[in-house]
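Given chain A's structure and the hints, the job is docking chain B onto it.
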Amino acid sequence: MKYLSAARAGMIGCHACGHVQVCDGSARGAQRAASPGHRQRCGRCAATLHRRQPDSITRTWALLIAAAILYIPANLLPVLHTTSLFGNEDDTIMSGVVYFWVSGDWPLAVIVFVASILVPMLKLSVLALLAWTTQRRSRWRPLERTQLYRIVERIGRWSMLDVFVVTLTVALVRFKSLAVITAGWGALAFACVVVLTMMAALQFDPRLIWDCADERSPHAFPREPKHD
Amino acid sequence: MKGSARCPRCGALLYRPSAVQLERITALTLAALFTFLIAQAFPIVELDVNGATSQTTLIGALVALWNEGMELVAIAVFCSTILFPLIELTALLYVLVPVRAGVVPPHFNLVLRAIQFVRPWGMIEVLMLGILVTIVKMTSLAHVIPEAALFAFGALTLMLAVVVLFDPRALWDIADEIGARRCAGLPGERRGAPPAAGPGAQAR
Numbered sequence: 323m324k325y326l327s328a329a330r331a332g333m334i335g336c337h338a339c340g341h342v343q344v345c346d347g348s349a350r351g352a353q354r355a356a357s358p359g360h361r362q363r364c365g366r367c368a369a370t371l372h373r374r375q376p377d378s379i380t381r382t383w384a385l386l387i388a389a390a391i392l393y394i395p396a397n398l399l400p401v402l403h404t405t406s407l408f409g410n411e412d413d414t415i416m417s418g419v420v421y422f423w424v425s426g427d428w429p430l431a432v433i434v435f436v437a438s439i440l441v442p443m444l445k446l447s448v449l450a451l452l453a454w455t456t457q458r459r460s461r462w463r464p465l466e467r468t469q470l471y472r473i474v475e476r477i478g479r480w481s482m483l484d485v486f487v488v489t490l491t492v493a494l495v496r497f498k499s500l501a502v503i504t505a506g507w508g509a510l511a512f513a514c515v516v517v518l519t520m521m522a523a524l525q526f527d528p529r530l531i532w533d534c535a536d537e538r539s540p541h542a543f544p545r546e547p548k549h550d
Numbered sequence: 005m006k007g008s009a010r011c012p013r014c015g016a017l018l019y020r021p022s023a024v025q026l027e028r029i030t031a032l033t034l035a036a037l038f039t040f041l042i043a044q045a046f047p048i049v050e051l052d053v054n055g056a057t058s059q060t061t062l063i064g065a066l067v068a069l070w071n072e073g074m075e076l077v078a079i080a081v082f083c084s085t086i087l088f089p090l091i092e093l094t095a096l097l098y099v100l101v102p103v104r105a106g107v108v109p110p111h112f113n114l115v116l117r118a119i120q121f122v123r124p125w126g127m128i129e130v131l132m133l134g135i136l137v138t139i140v141k142m143t144s145l146a147h148v149i150p151e152a153a154l155f156a157f158g159a160l161t162l163m164l165a166v167v168v169l170f171d172p173r174a175l176w177d178i179a180d181e182i183g184a185r186r187c188a189g190l191p192g193e194r195r196g197a198p199p200a201a202g203p204g205a206q207a208r
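Taken in sequence, the protein lines are chains A and B. End of the first sequence sits at 550 in this note's numbering; the numbers just go up one at a time, nothing left out. End of the second sequence sits at 208 in this note's numbering; the numbers just go up one at a time, nothing left out.
For the record, the hints were derived by calculation from the structure and aren't laboratory data. Incorrect hints may appear among the rest.
Distance windows between CB atoms, simulated [unchecked claim]:
hint, chain 1, residue 1, chain 2, residue 2, range
1, B, A45, A, L407, 43 to 53 Å
2, A, S499, B, T143, 19 to 29 Å
3, B, G64, A, I394, 29 to 39 Å
4, A, L440, B, V140, 46 to 56 Å
5, A, I439, B, P124, 21 to 31 Å
Covered by chain A, according to a simulated footprint, are these stretches of chain B (three or more residues, beta-carbon under 8 Å) [stated by the list, open to error]:
hint, segment
6, 35-41
7, 93-105
Far from chain B, some chain A residues (derived; all Cβ distances over 10 Å) [said to hold, decoys possible]:
hint, residue
8, T380
9, R381
10, A388
11, Y393
12, D412
13, L444
14, S447
15, V448
16, T491
17, V492
18, A493
Glycine residues also receive a C-beta, built at the ideal position from the N, C-alpha and C atoms.
The following block holds chain B by itself, in its conformation from the complex:
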């Protein structure tokens, strides 16, 4: 990709320039949050076996698992498909909206680190594949009727794939710029970003 940087020794991606389109990523995060709410609120699929029907939302599935004594599995699934994606989306919005307006919100560092912490554990795309596998598995046993949340999860998977391309580290750089602009505007204040090392102080 043009403008991206790779480690010359091991080839790891060091920097990707897609980061600065704050408008787009904010809009997409907001859309993803609404899609997420729809995906959680509505049933995913309905089964029909000779008139006997059964349907479930994701939360309903977790309750069923919990009631069977599989509390730990239910917690793991809850964290990876509900809690962590929700934290990631709301935390991103909490940071992105003020930064877009040129303000660094309180607890900025903490919130960004929270995003970095939950990111590896959000597994909406894996859940999507799991839903598809379950549907194919069930077609041999029953008539499967897709419901609203199935499509919502599909859309959410695509949106999150783009949101995850955004590296929250870019926000620290942007916050530095905001800080520098503030100080330039108010000459009496302490100048510049935190005391940094001399040459090559910026990672990128």
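Just chain A, same shape as in the assembly:
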């Protein structure tokens, strides 16, 4: 065995302050064996300790499925509704990108395309892949999967871009006689998708990838503690 994880050493690291301490119910902490429902707290910052994020995969799936369902109205419903002298117009996220592209603002089209279409799709598919492989206790490319997780965690926030653009546009374009732009329900669905996928990424515990990759880990998924 090349690497020793805290969990295997009978230790537990606090997710809040980073303090590493003996885990109740492990060989070292046997004198304070964990009773069911017992919650160990961090000796330094008093946060509740978890060997792994509790119900990580289940919660990730729940948030991910909710996000995937909302992803459909987010793309089909209009995010902006324009009323002007030249008539009414509804804009979805995709038609906004197309508008930038056609009018020659292609750098802007690329930015909005990446933030509003590519990133949410990437997040949904990557998180689904991670949750699925981890649930199956797959030992397939753990390093690459961890890197994928880190990318998703880092870029997730940037898809809020379109929501901010909608907010500012709605507030600025209110020329009663000329043109008024209002927000459409697509903006709400889209904001929910962004928040839900970010929550899903926060709930996923990347250490589970390595628990599965390491056959002999005593805390491999499912994460019930074993007395070794």
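Showing chain B alone in chain A's frame:
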């Protein structure tokens, strides 16, 4: 980076040594808080279409969104661009100023955990990009005049990029040192930090 630690198995950054420059990070946080107030108080841009003008602050934009029945979106934008960055900056100051003076303030653990909780959700830099996209979008429709808050948001984005490099976990280590010094000074008191595990008790 020199002195930083990475996980040998997955390459994740475990520790970055930039943490200990309390003076600098305190000054920067204070500056960021003032810039934040300016950015929120003044209009961001003004539109001019043949003499008809329209301008908005961030809060004005949220009110407009709220009045249109998009309350939930308004709340999401309010939290990610006003409430959470404000909580992060004030909480950091609340902890940093006393710790710099060698005192651990009350509710220390709670405040640090609040910082950790709000940090992923503060999105000033994304808002900045959103403002720029909106401006470019509007130039084809109207004459766009930049206002004070635009520059304030630009400066705030840069400051927050540095503030976020500071890992609040370092403050727990510093608080431990303060506690240890206290106990060393007062021999009668209970010694040392909380009962820790034996070898390798410190995460870093």
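Against the structure, the hints come out as follows:
no. : hint                        : verdict
1   : B/A45 - A/L407: 43 to 53 Å  : 34 Å, violated
2   : A/S499 - B/T143: 19 to 29 Å : 21 Å, holds
3   : B/G64 - A/I394: 29 to 39 Å  : 32 Å, holds
4   : A/L440 - B/V140: 46 to 56 Å : 19 Å, violated
5   : A/I439 - B/P124: 21 to 31 Å : 22 Å, holds
6   : 35-41                       : violated (count 0)
7   : 93-105                      : violated (count 0)
8   : T380                        : 21 Å, holds
9   : R381                        : 16 Å, holds
10  : A388                        : 14 Å, holds
11  : Y393                        : 16 Å, holds
12  : D412                        : 15 Å, holds
13  : L444                        : 16 Å, holds
14  : S447                        : 21 Å, holds
15  : V448                        : 16 Å, holds
16  : T491                        : 6 Å, violated
17  : V492                        : 6 Å, violated
18  : A493                        : 3 Å, violated
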